[in-house]
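Asks: Sequence:
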Amino acid sequence: SVEPDTYSGAVQTGDVFLVASDGLTGMVDDRRIAYLLSLPLEPRKIVDALIKEANARGGLDNITAIVIRIEGVDADNGRAGTHG
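For the sequence shown, the numbering used here puts the final residue at 84, and the numbers step up evenly by one.
No false leads were mixed into what you were given.
Under the rule of at most 25 Å between Cα atoms (straight-line distance), these lysine to any residue pairs were calculated in the SDA-like manner: (1) LYS52 x ASP29; (2) LYS52 x MET27; (3) LYS52 x ALA34; (4) LYS45 x VAL16; (5) LYS45 x GLY72; (6) LYS45 x TYR35; (7) LYS45 x ASP22; (8) LYS52 x GLU42; (9) LYS45 x GLY26; (10) LYS45 x SER21; (11) LYS45 x MET27.
What follows is a set of in silico ranges between Cβ atoms, one per label pair, in the way DEER data are often shown: (12) PRO4 x ASN55: 22 to 32 Å; (13) ALA75 x SER1: 32 to 42 Å; (14) GLU42 x SER21: 13 to 23 Å.
Bear in mind the hints are in silico, worked out from the structure with no lab data behind them.
All figures in this text were calculated on a predicted structure; none of them were measured in a lab.
Backbone N, C-alpha and C define an ideal beta-carbon position, used for all residues, glycine too.
Model the full assembly from the supplied sequences, consistent with the hints where possible.
Replies: See the structure below:
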């Protein structure tokens, strides 16, 4: 069975989250992923760049990636508005 990595904490405007398979994380190192996530691009363009990078490094497995950028947080209920 698969055990996902999970984290919890406060969400802030501007936070970026990545959900990805090992087809991405096994091919692209964490520093490069962090750099690509820091670029001021639309989440879809970041996903495209991540997949392109993994494929350029051999693309040995299926690649799945979802990028979510928090656009705003409702201070009253802590809910986040997302873009991704």
